[in-house]
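Peer 1: These protein sequence lines are chains A and B, in that order. Counting along the first sequence from 1, when you hit position 122 you're at 122 in the working numbering, and nothing is skipped either side. Counting along the second sequence from 1, when you hit position 332 you're at 332 in the working numbering, and nothing is skipped either side.
Some hints here could point you the wrong way.
What the hints assert, rightly or not - Across the chosen pairs, the derived CB separations fall in these ranges: (1) Gly-14/B / Val-255/A: 41 to 47 Å; (2) Glu-143/B / Leu-10/A: 48 to 54 Å; (3) Gly-186/A / Gly-241/B: 51 to 57 Å; (4) Leu-239/B / Val-255/A: 33 to 39 Å; (5) Thr-26/A / Arg-29/B: 45 to 51 Å; (6) Val-18/B / Ser-265/A: 48 to 54 Å; (7) Leu-113/A / Glu-308/B: 51 to 57 Å; (8) Leu-113/A / Ala-76/B: 48 to 54 Å; (9) Gln-220/B / Asp-183/A: 40 to 46 Å; (10) Val-158/A / Asp-110/B: 26 to 32 Å; (11) Gln-220/B / Ala-94/A: 31 to 37 Å; (12) Gly-241/B / Leu-113/A: 30 to 36 Å.
Unchecked claim - Some chain B residues judged to face chain A by a derived CB distance under 7 Å, without partners named: (13) Ser-75; (14) Val-99; (15) Ile-114; (16) Asp-199; (17) Gln-286; (18) Ala-293.
Source of the hints: derived by calculation from the structure; they are not laboratory data. Glycine included, each C-beta is placed from N, C-alpha and C at the ideal position.
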Amino acid sequence: MGTSGASGTLRLYAAVVAGGFRRYATYRSATAAGVFTNTVFGFIVAYTYMALWDERPGLGGYDEAQALTYVWIGQALAQALSMFNAGFAVDMVARIRNGDIAVDLYRPVDLQLWWLASDLGRAGFQLFSRGVVPLTVGALCFPLALPGDPVVWLEFLVAVALAVVVSFAIRYVLALAAFWLIDGTGVLQFGGVVGMFFTGLLLPLNAMPGALGDLARVLPWAALLQMPADILLGARSGADGLLRAYAFQAGWAVVLLAAGRLLQSSATRKVVLQGG
Amino acid sequence: MTQDFTENFIDVEGVEKVFDVRRRAGLLRRERHQVRAVDSLTFSVPRGEMVGYIGPNGAGKSTTIKMLTGILTPSAGRLRVAGIEPSRERTRLARRIGVVFGQRTTLWWDLPLIDSYRLMHRMYRIPDARYRENLDRCVELLELGGLLETPVRQLSLGQRMRGDIAAALLHDPEVLYLDEPTIGLDIVSKAKVRGFLRDLNAERGTTVLLTTHDLTDIEQLCRRVMVIDHGRPMYDGELSGLHAFGDGERTLVVDLERELPPVQVESARVVKVEGPRQWLAFPAAQSAAPLVARIAAAYPLVDLSVREPDIEAVIARMYARAPSPERPGEAGAPVGR
């Protein structure tokens, strides 16, 4: 293999990314229904926020336009970052439970990279299919504080990419629990509820009070929505603020991916694969 | 260093696999006990051989395959495939083996069949020309031509199975593990799959280990068969030898003039009565002539036929006779008849 090794590996995982993208692209009506849901949900949360910021102007350091922008960014990213559901982890837990994971293990590939690549493809599709429309509708119907500078948008997209990896890494760790628990869906549900709260999809982490807010802002879920939103809203402008946001995201990505890798090797070594 | 394995492609020596099983034995108490899925298993398969591997459910067949592919580590013993210790170098070995499960799929469920093959192309780093050639060959022989653009979820079971077999062969594996490749298939699909496997083995010399409950698979494909039960090997040899193995009983079917109580005759016993027809079992080594004469003398005999012991019955008896220390009443029960 020698020199062709690295490029071969790259081509393989690129093919997996592309497959993950196309896999979701085949379900057009599901995508349309999802876009509709995100948009409706956006309206509900937007009106709730308007009432809240009316009462408490400047909550979390946001003015009303920024708060509304936060809502629509949240709706645009919700699916790409799997904030409502566990995404690939549901598939993976099912494969662990019914023994299909054995098929994955027969392949000359790394299990974690395989699932990561496939989840990146999915996220890529959902970022565009389920992200652009809700954000556009939001911008047309509400006074949003969106930046005009394309560089800021680029910085935002980098943060989103890092967020996708962190989101994957969290769910990968949760899914691996199924190797020990037989039924991993409970773990995923628990992770989903905790994640939804600490992601800040319901209330921005900036607006969470006291010790709870302090805690929420250092947990890995803060890397998902709060960081990209902060960057888009200009709260992290300047090279220093930006780098610290990226470092926070990348740090959690590395820690959680390493944890997943550790769990993976002990899972594949020790635990009985289910089913014949 | 792998000199002694050049003859045998697969080498299994005294392999055991013990699982720790925890069972709830009360409100909080959990009992731990050990299940010996495979026990002192020894066999070897030379390159290019096609071997049938059979046994009842829970006998240890899948556990054996999992150890041969390296996703389970043996608890004891020594195991080599192509000179490689599978559990230590699972990924390296994976490039040289193909695995097909009748009940699972390696194909990308939501995407057209061809997408899965393109992925295999990248996954196994198959040279482009080789990939094209192998794909064309599989498409032709497995009749996949019209299906390449069809999403896998829309394929029938037989189509999917053929699709899975093709996926396992694109990288020219030296050994192919097949776990129930004909399960659930209709007669025509079964024949197609068997024909393809026979040609593959003959033309490419691919070593094949075939696990199945369908003994016709074995009869049509394998000269050699291994029988395992309760994790222990029970028979390893030519398929024809199985007939002689065990009690080797033949069956005499007699049609009487009318319904009668079971025939009473020396050296044979009635195993079944259906109206005027009765089935008698007698030792295979014994001649049927004196038996027929005795029955004809004492009963109103209309017609008769002698049936050779069929392989299924031999195996059923073999399973039934084995002691079953761990799972009484489950796997030890006679199969079928």
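Peer 1: Going through the earlier hints one by one, which of them does the structure break, listed in rising order?
Peer 2: Checked against the structure, the hints that fail are numbers 2, 4, 6, 8, 12, 13, 15, 16, 17, 18, while the rest are satisfied.
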